[in-house]
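Visitor: Take a look at the letters that make up each chain.
2 protein chains.
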Amino acid sequence: MKIAVDAMGGDHAPQAIIEGVMLAKQDFPEIEFLLYGKEDEIKKYVTDETNITIIHTDEKINSDDEPVKAIRRKKTASMVLAAQAVKNGEADAIFSAGNTGALLAAGLFIVGRIKNVERPGLMSTLPVIGQPDGGFDMLDLGANADNKPEHLVQYAVLGSFYAEKVRNIATPRVALLNNGSEETKGSELTKKAFELLSEEDSINFIGNVEARDLLSGAADVVVTDGFTGNAVLKSIEGTALNMMGLLKSSILAEGFKGKMGALLLKNALRGMKDEMDYSKHGGAVLFGLKAPVIKTHGSTGPEAVRYTIRQIQTMLKTEVVPQLVSYYETKE
Amino acid sequence: MKIAVDAMGGDHAPQAIIEGVMLAKQDFPEIEFLLYGKEDEIKKYVTDETNITIIHTDEKINSDDEPVKAIRRKKTASMVLAAQAVKNGEADAIFSAGNTGALLAAGLFIVGRIKNVERPGLMSTLPVIGQPDGGFDMLDLGANADNKPEHLVQYAVLGSFYAEKVRNIATPRVALLNNGSEETKGSELTKKAFELLSEEDSINFIGNVEARDLLSGAADVVVTDGFTGNAVLKSIEGTALNMMGLLKSSILAEGFKGKMGALLLKNALRGMKDEMDYSKHGGAVLFGLKAPVIKTHGSTGPEAVRYTIRQIQTMLKTEVVPQLVSYYETKE
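Chains A and B, in that order, are what the protein sequence lines are. Under my numbering, the first residue of the first sequence is numbered 119, with each subsequent residue one higher. Under my numbering, the first residue of the second sequence is numbered 119, with each subsequent residue one higher.
Calculated directly from the structure, the hints in this document are not laboratory data. Accuracy of the hints is not assured; some may be wrong.
As the list makes no split between identical chains, a pair holds if one copy fits it or if it spans any two.
Mimicking BS3-like on lysine-lysine, the simulated pairs with C-alpha atoms at most 30 Å apart in a straight line are [claimed, not checked]:
{"id": "1", "residue 1": "LYS187", "residue 2": "LYS309"}
{"id": "2", "residue 1": "LYS303", "residue 2": "LYS187"}
{"id": "3", "residue 1": "LYS266", "residue 2": "LYS192"}
{"id": "4", "residue 1": "LYS366", "residue 2": "LYS384"}
{"id": "5", "residue 1": "LYS408", "residue 2": "LYS303"}
I would like the entire structure built from these sequences, with the hints used as guidance.
Guide: Here it is as structure tokens:
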């Protein structure tokens, strides 16, 4: 099992990335890591050289680079080399905390789509409140800006495979994000998608779900178009961040009383933060490609890298991608 | 100034509605209220009869009625009679906490659109965290499931008028909700809308805003299609509700220590809840109609009704709707 790591992607690269890899090595001593980036900088954080190969390159893609251009022009960028390694069969998966658009482009143009999957989707496992280990898989979170109803059916199949194989949920409940729970609700896109999802035998379609009920665990897999998915994800993140900030400033405004109260509630507040933090499920998968292509937040720290390596390990071990390839080979 | 009130709409009707009207009467003794619904039930809560007229009807629209059918068939329902009163010039605005879809239908088919406004949008003033009196106006929150780029320009004009006249913001900053801040980002719809918004001289268009930055006050007016707006609003509400619930259960799980901590943080926690509660800005306006048509949550209590009456009073006093009518009369 070989993972190609873009060691230079992310706000705290390469330190956070390599420190995370070192943690993951303890969990999974069998994984071989190919680290792409500046050798001398990477070496500073490599505390154990077994199963580590560093492939030196000076070039990298920046967070403000225009994605498609960057992939085409920076042919020796760490991310591009890592994607090439997957394409050439030298690695089984790629991991990056760098430029999201560029990784999507690298995934599509270098790693390539699974045959008969028209539009790979970006998928994350988001938290279910009140279930510390619970979560739901949502896609598309923004790989595409416009989707057709047929794409949403593909997302449903992809998400179902992931929930079942990787997250070990038998017969995952698949729902369509919509603006009402009734069957007749929706836009032109969701009305048609509802029809197609109802006819799709390979999934357990449970109908519409509203955005209000997502975090309550209304479904195991939620499908939507990439524009809406992106807006919903960012709304959830923005609200959670703003509320944590508001809680903090409200406590500070109370002075000594607030300090005492916060001290007494330390565990409760930490528990709350932990429960909203979905990095324990790993990163976002660009799903529908010939190999796992995984992205984490640019601000990611070593622990989140570790969780993401665990996620990739599970994806590889369960062979979810080869199973999808077989499934789609029979579809025309 | 006369307001037609659907006294029978909402989970706690007519009690919460009439109690709210009684509170609002103290703030605005000049307003005349026309209360539509069951006279004997309404009378129980009328503590002051000045400027109150009850129009008795036994019929009402239920929350699970099919909206358009209900409006057409229940011709003497409290909501329908209230809308008719506005149409006939017997009242200046209509207020309901009932079936949202039915109120939208009553607004469109009975009250009617402003000439040259193609698609009225549902608009609320949502909270800006850290600014207890701050807020931003967002539309469409779900009156329409599919929108054209031109509709988003109309929403921008409508929202600007509201922010300026009713909320007293000089030169409101108008933003387009999009999946990235760069000009080139977006779906087919938002790319085209960006172009049209940039060309619209009557507004102060500041570009794209991402859903993540909404609650931080990135703009005064945010325009989006009704499907996305609905999903974003419900995501914000769902996340806020889930986090408040999570906070509560985390505190309870801490037992005595949690109880003590919560007691010390009572003011802080209440302040936090208050700041997320945007009912102080009033209800949702179906904007673009010939008169104010205002909806509040079905679960609304007397205080929220009071705030909504204040909002309607401001809309009528500032003549925002007649000004819109004049503005759109010159457009062909």
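Visitor: So, for every hint listed, does it hold in this structure?
Guide: Now for the hints, and whether the structure bears them out:
1. LYS187 - LYS309: between (36 Å within a copy, 20 Å between copies)
2. LYS303 - LYS187: between (40 Å within a copy, 15 Å between copies)
3. LYS266 - LYS192: neither (32 Å within a copy, 38 Å between copies)
4. LYS366 - LYS384: Both: 12 Å inside a chain and 14 Å across chains, each within 30 Å.
5. LYS408 - LYS303: For LYS408 and LYS303, only the inter-copy Cα distance (27 Å) is at most 30 Å; the intra-copy one is 35 Å.
When each numbered hint is compared with the structure, a violation occurs for hint 3 only.
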